Structure formats: C-alpha cells, structure tokens
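Whole structure, please, built from the sequences with the hints as guidance.
Protein chains: 4
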Amino acid sequence: MAPLSFTCDYCEGAHPKILQRMLETNMIQTPGYGEDPFCASAREKIRQAAACPDADVFFLVGGTQTNATVIDSMLRGYEGVIAAVSGHIAVHESGAIEFGGHKVITLPAVEGKLQAAEIEKYLKIFHADEAKDHMVLPGMVYISFPTEYGTIYSRSELEAIRAVCKEYDIPLFIDGARLGYGLQSPACDLSLPDIASLCDVFYIGGTKVGAFCGEAVVFPRGNAPSHFFTTVKQHGALLAKGRLLGLQFDELFTDGLYFEISRNAIEKAMQLKQLFISKGIPLYIDSPTNQQFPIMTQEDLAPLKDKVLYEVWETLPDGRLVTRFATSWATSEEQIERLASLL
Amino acid sequence: MAPLSFTCDYCEGAHPKILQRMLETNMIQTPGYGEDPFCASAREKIRQAAACPDADVFFLVGGTQTNATVIDSMLRGYEGVIAAVSGHIAVHESGAIEFGGHKVITLPAVEGKLQAAEIEKYLKIFHADEAKDHMVLPGMVYISFPTEYGTIYSRSELEAIRAVCKEYDIPLFIDGARLGYGLQSPACDLSLPDIASLCDVFYIGGTKVGAFCGEAVVFPRGNAPSHFFTTVKQHGALLAKGRLLGLQFDELFTDGLYFEISRNAIEKAMQLKQLFISKGIPLYIDSPTNQQFPIMTQEDLAPLKDKVLYEVWETLPDGRLVTRFATSWATSEEQIERLASLL
Amino acid sequence: MAPLSFTCDYCEGAHPKILQRMLETNMIQTPGYGEDPFCASAREKIRQAAACPDADVFFLVGGTQTNATVIDSMLRGYEGVIAAVSGHIAVHESGAIEFGGHKVITLPAVEGKLQAAEIEKYLKIFHADEAKDHMVLPGMVYISFPTEYGTIYSRSELEAIRAVCKEYDIPLFIDGARLGYGLQSPACDLSLPDIASLCDVFYIGGTKVGAFCGEAVVFPRGNAPSHFFTTVKQHGALLAKGRLLGLQFDELFTDGLYFEISRNAIEKAMQLKQLFISKGIPLYIDSPTNQQFPIMTQEDLAPLKDKVLYEVWETLPDGRLVTRFATSWATSEEQIERLASLL
Amino acid sequence: MAPLSFTCDYCEGAHPKILQRMLETNMIQTPGYGEDPFCASAREKIRQAAACPDADVFFLVGGTQTNATVIDSMLRGYEGVIAAVSGHIAVHESGAIEFGGHKVITLPAVEGKLQAAEIEKYLKIFHADEAKDHMVLPGMVYISFPTEYGTIYSRSELEAIRAVCKEYDIPLFIDGARLGYGLQSPACDLSLPDIASLCDVFYIGGTKVGAFCGEAVVFPRGNAPSHFFTTVKQHGALLAKGRLLGLQFDELFTDGLYFEISRNAIEKAMQLKQLFISKGIPLYIDSPTNQQFPIMTQEDLAPLKDKVLYEVWETLPDGRLVTRFATSWATSEEQIERLASLL
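Chains as they are written, first to last, in our numbering: chain A, 168 to 510; chain B, 168 to 510; chain C, 168 to 510; chain D, 168 to 510.
To be clear, the hints were calculated from the coordinates, so they are not data collected in a lab.
If you're wondering where the values come from, they're calculated on a predicted model, not measured in any experiment.
Hints may contain errors.
Pairs count within a copy or across copies, as identical chains cannot be separated in the list.
The list that follows gives simulated cross-link-like pairs (lysine-lysine, DSS-like), each with its CA atoms no further than 30 angstroms apart [to be verified]:
| id | residue 1 | residue 2 |
| --- | --- | --- |
| 1 | K474 | K333 |
| 2 | K440 | K212 |
| 3 | K333 | K299 |
| 4 | K440 | K299 |
| 5 | K184 | K440 |
| 6 | K299 | K472 |
| 7 | K446 | K212 |
| 8 | K333 | K184 |
| 9 | K333 | K291 |
| 10 | K333 | K288 |
| 11 | K446 | K474 |
| 12 | K446 | K288 |
| 13 | K472 | K333 |
| 14 | K291 | K472 |
| 15 | K474 | K299 |
| 16 | K212 | K299 |
| 17 | K446 | K472 |
Shown next, in the form of structure tokens:
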C-alpha cells in the first residue's frame with residue numbers, strides 16, 4: 168500500500184469536475200493566450216465572486232511566476248517590495264524577485280504575519296533618512312494570505328496595513344496561493360470581496376486549491392499596469408493554451424466549487440488539529456487553516472514510518488521536529504482515520 | 168456552426184490518451200516539482216527514444232519560458248545568443264532573453280534557417296575584431312527545428328552548424344517547439360537520436376504536439392548546467408504539480424504516440440499544400456511541415472469569411488496576403504474537406 | 168620619440184584650464200554626490216548655453232554608463248530602444264542595455280544615421296501587427312550626434328525624427344558623446360539650444376571633448392524621470408566626488424571653452440581630410456566632424472609604421488583598410504604637419 | 168568663513184602629489200581603457216605592495232560600481248552574496264546588487280562585522296535544508312574592511328571567516344573602500360599582503376583615500392573571472408581615460424604614499440576621539456579607524472552650528488544624536504584644533 172501523504176496541498180491531480188470539463192471541451196477549437204471563451208467566462212465569474220465588476224483578471228500558471236510577474240510589473244527599477252522575513256518571495260522562490268532586479272525588503276513578522284506598525288515604522292524611518300536616495304525605495308507591500316505558517320490576517324489587521332499603504336501611496340499585493348483555505352477558515356472574518364476591496368492586486372490560487380495549475384491575478388479596480396500582457400509573456404508566464412487555465416477557474420467558480428472544496432480542507436485540518444491535541448502532541452503554531460504544525464518526538468513519528476508522509480519544518484534544540492501536515496480539497500475522512508489509527 | 172480554425176497548432180485541448188491517463192491517475196498522491204514517478208518514467212522513455220541514456224531531462228511549461236531558462240542557464244552574463252533574424256527568441260518573446268540580461272545577436276537567415284557559413288563568418292570577424300572585448304561575446308547558437316517558416320534543417324546543414332559551434336567551442340541549442348512535425352516530415356533526413364547527438368541541448372515540444380502544455384528539455388550527455396533546477400525555479404518555470412507534465416510526456420512517448428500524431432499533422436499539411444496548388448494559390452515558402460503559407464487574394468479569402476480562421480503573416484506590396492494555415496495532431500480529414508469545399 | 172596617436176579623441180589628459188581649476192579648488196571642502204557648488208554652477212551654465220532654463224542636469228562619468236542609465240530610467244520593463252544598426256549601444260557597449268533588461272531594436276542606417284522614414288515604417292508596421300503584444304514595445308529612439316561614422320543629422324533630418332517620435336509618443340534620446348565636434352562642424356545647421364529643443368534627453372560629452380571624464384545629462388524641460396538620482400546610484404554611475412565632474416563642466420562652459428576646443432578638433436580634421444585627398448587617398452565616408460576614415464593601402468601605411476597610430480575599422484575585400492584618424496581638442500598644427508611629412 | 172566639514176572622507180579633491188602627476192603627464196598620449204603605461208606601472212606596484220606577483224589588477228571608478236561588478240562577475244545567476252545586515256551593499260547602494268539579479272543574504276553582525284560562526288551556522292542550515300534547491304544559493308561572502316561602523320576584523324576573525332569560506336568552497340570578497348584607514352589603525356594586526364592572502368578578491372579604495380576617484384580591484388592569485396574586462400564594460404564601469412585611474416594609483420603606491428596619508432587620517436581620528444572623551448561626550452562605538460561616532464546632545468552641538476559639519480547617523484530614544492565625524496588624508500592639525508576650540 169502506498170504511503171499516505173500529508174506533505175502538501177498539491178499531491179493529487181485536479182478536482183474531478185475540472186477533469187470532466189476538460190473532457191467535455193477537449194476538441195473545441197479556441198484561440199490561444201487567454202483569448203478563449205473559457206477564460207472570458209472565468210473572468211466574469213471571478214469579478215462577480217469578488218464583487219469587483221471592473222477588475223482586470225489574468226491567468227498565470229504558478230505561484231513564483233505570478234509573484235515575480237506582478238511585482239515586476241508594478242515596481243519601477245529603483246523600487247523594492249516589503250515582505251515578511253518568512254514570506255515566500257523572501258525565502259523559497261530562488262531569488263525570482265531579485266532576478267527581476269528588485270530587492271525584497273524583509274521586516275520582522277509575528278507568526279508569519281507582517282505588522283502594520285512595523286511597516287509604518289520602516290516607512291517613517293526610511294523617508295526621514297537623509298541617505299534615502301542611496302537606498303531602495305519601498306514601492307509595494309507583499310503579504311500572503313494565508314501565510315506560510317497557515318495564519319491569516321484579521322479584517323482589522325488587513326485594514327491597518329492597507330491604511331499604511333495608502334498613507335505612503337504604495338500598492339498592497341496579496342499572494343493568495345492558498346486563498347480559499349484562508350477564506351473558509353472559521354477564524355476568518357474576511358470575504359473574497361473584502362480581499363478585493365482591501366488591496367491593489369491579489370491572486371486566487373488554483374494550483375493548491377483543486378486545479379492542475381493556475382493562479383488568477385485580479386486587479387480589482389481595472390488597475391492592471393499598462394501592457395501587463397506583454398510583461399506576462401516576457402516573464403515566460405503566458406500559457407499558449409490559456410484555455411487550460413480558463414476552464415479550470417471557470418469550473419472552480421461555478422456553484423461555489425472553490426469555496427466548497429476549500430471548506431473540506433479546513434474541516435479535515437481541524438480534525439487533524441484535534442487529533443494531535445488528543446494525542447498530547449503540541450502544535451508549533453495555532454494555525455486556523457489547512458497547514459498544521461505538530462511538534463513530534465521520534466517516538467511519535469516511529470509508527471508513521473513508511474506509512475505516512477509529512478514535511479519536516481525545523482529541528483528544535485531538544486531534538487523534536489516541527490512537522491507540517493497539510494490537508495487539501497482532496498483529503499478524505501478515510502485518510503484522517505488512517506492517520507489516527509497509526510498515531 | 169463554429170468557424171474552422173487553422174490559426175495554430177494549439178487550438179484544441181490534449182490528445183485523448185493524455186486525458187485518459189489524467190483520469191486514471193488523478194487521485195494518486197505524488198511528490199511535487201517533477202519528483203513524481205510519471206516524470207521519472209517519461210524521462211526514461213525520452214532517453215530511450217532519443218538514444219541518449221545519460222541525458223538530463225527536465226519538464227517546463229511553455230516555449231518562451233523554456234528558451235529564456237535554457238539560454239540564461241548556459242550563458243555567462245557577458246555572453247549573448249546567436250539566432251536567425253526571424254527566430255522566435257528574436258521576435259515573438261517580448262524580450263524574454265534580454266529580460267535575463269542577454270543580447271540576441273541576429274544573423275540573416277534563408278527561409279528561416281541560419282546558415283553555417285553566416286555563423287562562421289560572424290564568429291571569425293568577431294574574434295578578429297580588436298574591439299571585441301567591448302562587444303557581447305557570442306556564447307551559444309539557437310536554432311528552431313522546424314523554423315518559424317516551417318522549414319527544416321537537413322542533416323548536412325545541421326552538421327555544418329554543429330561543426331562551426333565545435334570550432335568556436337559554443338553550445339548549440341535546438342528549440343523543438345514543433346520537433347515532432349519536423350521529424351515526421353518526409354523531407355526530413357534526421358531522427359530524434361540524430362537531433363540529440365548533434366546539439367548540446369534541445370527540447371521536445373509538447374504544447375504544440377498534443378499536450379495541454381509542456382516542453383521536455385534534454386541535455387543529451389548529462390550536461391545540464393549546475394543547479395539547473397534552481398534556475399528553473401528562479402525563472403518561474405517550475406510546475407508544482409510536475410506530474411501534469413510527466414504524465415503527458417509519458418503518454419506521448421508510449422508506443423510512439425508523439426511520432427504518430429505528428430505524422431497526422433504532416434499528412435494533413437501535405438493535403439493542404441496540394442489543395443492550394445490545385446486551386447492555383449501560390450505558396451510563399453515551400454514548407455515541408457505543418458505550417459503552410461499560401462498567398463491569398465481578397466477573392467481567394469472571401470468564401471472563407473466567418474467560416475475558416477487562419478493567420479495573416481504579411482501584406483505584400485501588391486495587396487495580397489501571406490497567410491498561415493497550420494495543421495496539428497488534431498486536424499481531421501473532414502476539416503480538410505470542409506476547407507476544400509469552400510475554397 | 169613616442170609615436171603620434173590619432174587613434175581616438177581621448178588620448179590626452181584634460182584641457183589645461185581644467186587642470187588649473189582643479190589645482191585652485193583642490194582643498195575646498197564640498198559635499199559629495201553632485202551637491203557641491205561646482206556642479207550647481209555648471210548646471211546653470213549648461214542651462215544657459217542650451218537655452219533651457221528649466222532643465223534637469225546630472226553629471227555621470229562615462230558614455231556607456233550614461234546610455235545604460237538614461238535608457239533604463241526612461242523605459243518600462245517591456246520596452247526596448249530603437250537604434251541604428253551601427254549605433255554605439257547596439258555594438259560597442261558589451262550589452263549594457265540588455266544587462267538592464269532592454270532590447271536594442273536595430274534599424275538600417277545611412278552613413279550611421281537613422282532615417283525618420285525607417286523609424287516611421289517600423290513603428291507603423293509594429294503597431295499594425297496582430298502579434299505586437301508578444302513583441303518588445305519600441306519605447307524610445309536613440310541617436311548619436313555625431314554618429315559613430317562622424318556624420319551629423321541636419322536640422323530637417325532631426326526634425327523629421329522628432330516628428331515621428333511625437334506621433335508615436337516616444338522620447339528621443341541624443342547621445343552626444345562627441346556633441347561639441349558635431350555642433351562646431353561647418354556642415355552643422357544646429358545649435359546647442361536646437362538640440363535641447365528637439366529631443367527629450369541628451370548628453371554633452373566631456374570625456375571626448377577635453378575633460379578627464381564626465382557626461383552631462385540634460386532633461387531639457389525639467390523632465391527627468393522620478394528618482395533619477397537613485398537610478399544613477401543603482402547603476403553604479405554616481406561619483407562620490409561629484410565635484411570632479413562639476414568643475415570640469417563648469418570650466419568647459421565658461422567663456423565658450425567647450426565650443427572653442429571643439430572647433431580646434433574640426434579645423435584639424437578638415438586639414439587631415441585635405442591631406443588625405445591631396446595624397447590621393449580616398450575617404451570611406453565624407454565625415455564633417457573630427458573622425459576621418461581614409462582607405463589606406465599597405466603602401467600608404469608603410470611609412471607610418473612605429474611613427475603614427477590610428478585605428479583599423481574594417482578590411483575591404485581588395486585588402487585595403489578602412490582606417491580611422493581622430494582629432495580632438497588637443498590636436499596641434501605640429502601633429503598634422505608631422506603626419507603630412509610622413510604620408 | 169566656510170564651515171569646517173567632517174561629514175565624510177571625500178570632501179576635498181585629491182592629494183597634491185596626484186595633481187602634480189596629472190599636470191606633468193597631461194599631454195602624453197596614451198591608449199584608453201586601462202591599456203596605458205600608468206595603469207601598467209600602478210598594477211605592478213600594487214602587486215608588490217600586496218605581495219601577490221600573479222595578481223590581476225583592474226581599476227574601476229567608484230565603490231558601488233565596483234561591488235556590483237565584482238559580485239556579478241563571480242556569481243552564477245542562481246547565487247547570492249552573504250553580507251552583514253549593515254553592509255554597504257545591503258543598505259546604501261540603491262539595490263545595485265539586485266539590479267544585477269542577485270540577492271543580498273543578510274546575516275546579523277556585531278559592530279558591523281560578520282561573525283564566522285554566524286556564516287557557518289547559516290551555511291550549515293542551508294545545506295541541510297530539504298528545500299534548498301528552492302532557495303538562493305549562497306555563493307560568496309562580502310565583508311567591508313573597515314566596516315561601515317569603522318571597525319576592523321582581527322587576523323583571527325578574518326582567518327575564521329576565510330576557513331568557513333574554504334569549507335564551503337565559496338569566495339571571500341573584501342570591500343576595501345577605506346582599506347588604508349583600516350590597515351594603518353594601531354588596532355590592526357593585518358598587512359596588505361595578509362589581506363591579499365586571506366581573500367579571493369578585494370579592492371583598494373582610492374576615492375576615500377586621497378584620489379579623485381578610483382578603486383583598484385585585485386584578484387590576488389591571477390584568479391580574475393573570464394572576460395572580466397567585458398563585464399566591467401557591460402556594467403558601465405570602464406573608464407575611457409583609464410590613465411586617470413592608473414596615474415592616481417601609481418602615485419599612491421609610490422614611496423608608500425597610500426599608507427602615509429592613511430596614517431594621517433588615523434592620527435587625526437585618534438585626536439578626535441580623545442577630544443570627545445575629554446569633553447565627556449560618549450562614543451557610540453569604539454572605532455579604531457577614521458570614522459568616529461560621538462553621541463551628542465543638542466547642547467553639545469549648539470556651538471558647532473554653521474561652523475562645523477558632520478553627519479547624523481541615528482536619533483536615540485532619549486533624543487541624543489549619534490553623529491559621525493570622519494577624518495581623511497586631508498585632515499589637518501589646525502582643523503582638529505578649530506573643532507576643539509568650539510566644543
């Protein structure tokens with residue numbers, strides 16, 4: 168029997184409805200590069216779901232690519248982007264932002280979250296610095312929602328960050344690679360329209376939420392940078408058969424599928440959390456979303472050997488391991504039970 | 168009735184066998200980033216098909232991205248890449264190569280093909296130039312096979328280019344976005360193993376030859392640049408669900424499917440060519456592959472209006488249009504007949 | 168006796184008045200980075216000489232650096248710059264423009280000069296191209312004045328180029344590395360104020376016209392891009408002791424020294440031209456400025472061996488050499504006579 | 168009377184001997200781009216002074232430019248450079264390193280100095296990280312000597328860093344913008360040959376130590392990267408009249424002038440330090456070199472108003488200012504006395 172994997176939220180293919188749609192539409196001829204009717208329909212459904220009827224919507228393939236393209240498109244050459252020290256663009260994108268010529272300006276974070284006060288302090292000190300013209304101008308704030316630690320910003324936290332951005336006239340970019348898992352958390356007091364109204368650009372992650380691939384970039388107020396399409400192409404991020412992205416998002420935003428499958432991940436994650444707690448396994452962080460971080464001893468892990476896969480996040484000084492167990496749209500009741508029976 | 172499209176070779180989804188495979192494997196859990204068993208199997212099949220058992224094989228998503236990543240990984244900062252003036256990287260990639268910091272050094276071409284003699288002349292003059300240290304060092308030769316005009320290099324032409332590259336110790340890169348359509352042309356005297364043995368890196372195009380997306384980069388002698396994986400990630404070209412690429416190429420290289428479906432495109436293209444000739448419509452170029460370039464008058468085109476789609480390549484001084492009609496793995500007998508009945 | 172050099176216009180140090188000024192001001196303490204009073208004074212004198220009282224003026228160190236910085240500051244990431252195929256940025260800057268991520272779009276030139284009609288044709292075809300969003304957007308026109316072949320644009324030629332730029336709303340940049348030598352040519356029907364009024368940015372070359380180093384970038388209508396200072400720093404083009412540049416330009420623009428010494432180069436170049444003609448040595452191009460291009464046989468050159476230095480531009484099919492003899496602010500009557508006596 | 172400036176070490180022009188040399192050699196004709204005899208002589212003197220007879224020596228114009236060029240020339244695209252969080256490249260170079268595509272990986276520092284143990288810890292964790300292929304590979308260590316806080320590494324500290332670099336096979340780069348001031352500090356137990364033997368590349372700062380401009384890059388074991396000259400040109404860092412740099416360094420390395428004038432700065436700095444201590448003014452850091460950081464109250468500063476210039480480094484929570492007073496090769500006994508009489 169193959170081991171059971173909780174290593175990430177992209178272990179399986181795509182939601183069956185997406186596959187069904189691919190089958191049904193396969194031989195229809197369409198134009199390339201996102202000019203097909205599936206993309207058009209998906210754009211419209213996303214505008215409706217996010218309550219931003221004037222939004223510009225673009226479909227890109229993956230997360231790193233989307234971050235690099237969006238950031239490069241919105242910054243001038245002399246500008247950098249503020250991110251949490253633990254932010255994806257600062258750590259796990261192989262320097263894709265710097266490849267585009269921009270510095271990632273890292274600030275301390277609390278449980279993966281940038282703090283409005285920290286951003287404001289940085290910007291205030293920066294703009295008071297006599298040497299600021301010799302420094303990288305902070306030209307954007309990047310946050311991930313949920314964060315790399317599974318945490319989410321509350322409405323008031325997001326509003327506070329937004330206010331700082333407005334004060335300093337710099338755009339706010341929300342990396343929503345796991346957006347559904349954030350919005351469907353019971354701890355979340357924000358909706359998709361709230362996200363759209365509280366930032367300048369965000370993306371709705373497909374890769375980690377039921378699609379084979381794809382991220383939907385949304386400029387909520389029709390505020391896409393000039394020639395964004397060309398920038399996407401230049402970054403190698405333009406898919407020839409754009410329909411592959413369009414039909415997936417069209418399906419995900421039909422009858423609330425995106426939210427429904429996100430909810431499944433959250434329910435299963437909460438079951439995981441209860442499971443760990445019930446076994447006396449402490450959690451590294453109190454994550455309200457689909458990533459859980461139990462602190463495991465070698466004894467805890469022994470029975471999982473060859474049977475369950477997970478990620479090791481960090482080794483603590485006492486030798487215990489911070490591990491990550493991720494659920495997804497595809498996680499089943501049966502998988503949780505199988506894990507429970509082993510622990 | 169929807170118009171019939173000959174605009175490109177990526178109008179449909181994917182070959183039905185690929186879809187079938189996606190269905191069958193959908194819920195199998197695999198690691199991400201190309202570490203899955205489908206990618207492993209596909210790599211092995213490609214090594215066999217190309218008779219290069221030591222090859223490094225990587226799966227990327229699209230053509231522009233692949234060109235930019237491969238070229239950037241093999242050049243030093245002060246080097247540029249030689250290409251035909253009509254080469255894809257020189258014209259239709261929105262400056263993706265320059266975005267990576269490298270100049271595309273364009274040389275004249277004949278029917279889209281770089282000439283060994285032109286490359287040699289350029290390199291000879293360059294290296295004799297007293298000011299060469301103030302110029303971009305030519306560090307690679309890029310050719311597309313087939314070219315943007317549908318033409319293909321003969322064995323002797325390719326060997327001649329290869330010899331010049333060896334003489335000047337620079338690698339040869341073959342963009343095989345439409346590789347199958349070249350190899351299956353009756354005019355082609357080269358096999359896939361020949362391609363592998365006559366260059367330093369090439370890619371097998373999937374996007375235009377039956378896949379939803381995907382290009383298989385092959386370093387035939389295990390000669391991938393150090394840390395190529397990280398370079399792929401940095402370029403935003405690493406697919407999280409690498410399985411999507413692996414299973415497509417695994418299927419394409421099972422029982423010769425890649426070649427079989429390429430052959431279909433060529434057969435249909437030759438029928439198209441005969442059709443145009445029989446109607447007295449001249450061809451702009453005598454293409455032996457899946458792209459045909461009939462020169463059409465307004466009278467020729469009138470009956471196609473709203474019924475058949477094609478691309479306009481160029482307007483000739485006399486007002487006639489150079490058009491492009493592309494066939495693909497998906498083109499059917501019925502479609503050719505439909506066009507014939509209209510012309 | 169050391170050989171006499173006509174290899175370039177930067178063989179000597181600086182004009183003696185500049186050295187004198189350096190001596191007189193050496194121990195005065197000033198702020199760095201161009202904030203010193205010499206720079207302030209030089210800026211004001213340049214504004215007056217160019218009749219553009221609102222101009223932004225910056226001092227950079229060298230030509231390649233200036234071209235790369237100015238172009239990068241004015242283009243967006245997806246834009247490229249149009250240049251003559253023989254333009255300095257296209258040939259002899261080691262890919263500095265591409266290093267900044269921008270394509271140099273080369274157009275045919277006549278005697279080193281871009282043609283307004285060629286630019287217009289290119290822009291017209293580009294903007295009519297259905298695939299233009301997959302191409303590099305032409306975002307600037309670059310010309311050198313004088314050109315790399317010593318030729319100069321007439322007023323009507325420059326006005327025509329300017330008109331095309333206006334029509335397509337893209338800026339015109341004039342590389343004036345040898346600006347003085349152009350303006351002081353008897354063939355020139357343009358003044359410095361004309362240059363300033365007919366472009367969006369230009370620079371006044373110091374390195375080749377009497378200074379140790381330094382190029383004065385002028386945005387004639389106060390139209391410097393936002394944060395240009397920071398872009399200069401980012402490009403490594405900001406001189407700590409900016410005074411070195413300021414005092415040189417201040418001296419060059421005192422009592423018309425820049426024009427006076429440019430005139431000397433032209434007079435000597437015209438003497439050279441007459442000398443070659445009188446010896447029956449043909450000229451490759453009829454250059455009205457300080458670079459002369461005699462076509463020399465081995466017999467012509469034999470008497471110069473070890474005694475006179477020049478550059479070899481090109482070898483003609485018949486074995487004759489296109490050579491370049493450059494005069495400068497420093498060329499003396501005696502040097503011309505010495506050459507004459509040898510030829 | 169003009170105010171007395173301690174704002175930086177580049178307030179004056181150049182050492183009088185340099186000016187004298189410029190006068191004497193001004194009309195000698197030389198080739199450009201560093202091929203002149205002054206550069207050749209300076210290279211040889213530097214090789215002797217640093218006891219590295221096989222060294223490759225290049226002359227660049229300024230510090231930021233030199234850092235960006237050297238780092239870019241030695242890193243591959245996927246690599247970044249480790250620096251102190253307070254390092255010049257991390258803070259005050261406007262993102263010049265990122266402009267070249269490389270991440271600056273910042274580590275904590277003690278009084279501006281990177282700690283060997285911190286570097287080792289970072290590299291150990293990095294190479295043990297399962298996700299390291301998704302991260303920027305640390306490919307170089309950058310330190311400044313003296314640091315931005317005026318501190319210097321001891322021999323044992325430098326050896327320890329060198330050992331870590333060797334263990335992980337990455338080069339060590341020493342930014343010596345103020346190298347003379349470090350080497351001439353009484354606290355320094357390292358010589359120029361020690362510096363050369365303990366790193367892979369370093370530069371000898373001229374701009375801040377008596378020259379108008381210029382930094383001498385030394386690859387001590389003839390280990391300059393291939394085509395470094397072209398990389399310098401591409402970065403806009405190649406001076407046409409390279410003689411300007413050559414003759415300055417030739418003079419600085421004649422009869423130990425570089426060290427002699429550095430010593431003057433240190434003597435004056437120590438007098439400054441004593442002066443502040445004697446006035447009861449605390450020092451922010453115990454700097455053994457030419458930058459002193461007195462913590463001043465408004466009362467301390469009042470008598471200096473309009474009479475003495477200095478830099479404000481930081482405002483402390485209690486309102487006092489951390490200021491910087493820099494001495495240089497040009498600081499005179501009289502200037503110290505003038506300050507003393509005011510305080």
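Worksheet item: From the Cα coordinates, with 30 angstroms as the cut-off, is the pair K472 and K333 best called within, between, both, or neither?
Response: Answer is neither; intra-copy 51 angstroms and inter-copy 37 angstroms both fail.
Worksheet entry | Within, between, both or neither, where K474 and K333 count as close if Cα-Cα is 30 angstroms or less | neither (50 angstroms within a copy, 41 angstroms between copies)
Discussion item. If the cut is 30 angstroms between Cα atoms, do K446 and K212 qualify within a copy, between copies, both or neither?
Written reply: Neither: 43 angstroms inside a copy, 46 angstroms across copies.
Fill in: Intra- versus inter-copy proximity for K288 and K446 (alpha-carbon distance at most 30 angstroms)
Neither way: K446 and K288 sit 42 angstroms apart in one copy and 34 angstroms across, limit 30 angstroms.
Discussion item. My question is about K440 and K212: at a cut-off of 30 angstroms on alpha-carbon distance, are they close within one copy, between copies, both, or neither?
Written reply: neither (34 angstroms within a copy, 43 angstroms between copies)
Worksheet item: How do K333 and K184 come out at 30 angstroms by Cα distance, when the copy is not named: within, between, both, or neither?
Response: Result: close neither inside a copy nor across copies, 41 angstroms intra and 52 angstroms inter.
Worksheet item: Checking K333 and K299: alpha-carbon separation at most 30 angstroms within a copy, between copies, both or neither?
Response: within (20 angstroms within a copy, 35 angstroms between copies)
Worksheet item: Under a CA distance limit of 30 angstroms, which applies to K299 and K472: within one copy, between copies, both, or neither?
Response: between (54 angstroms within a copy, 24 angstroms between copies)
Item to complete: Can you give me the call for K446 and K474, within, between, both or neither, at a CA distance of at most 30 angstroms?
Response: within (18 angstroms within a copy, 67 angstroms between copies)
Worksheet item: Taking 30 angstroms as the upper bound on the Cα-Cα distance, should K212 and K299 be classified as within, between, both, or neither?
Response: between (44 angstroms within a copy, 29 angstroms between copies)
Discussion item. For K333 and K288, with the copy left unspecified, which applies at a CA distance of at most 30 angstroms: within, between, both, or neither?
Written reply: Within one copy only: 14 angstroms inside a chain, 39 angstroms across chains, cut-off 30 angstroms.
Worksheet item: Which holds for K291 with K472 at a C-alpha limit of 30 angstroms: within a copy, between copies, both or neither?
Response: between (51 angstroms within a copy, 26 angstroms between copies)
In this structure, the hints that do not hold are numbers 1, 2, 7, 8, 12 and 13, in rising order.
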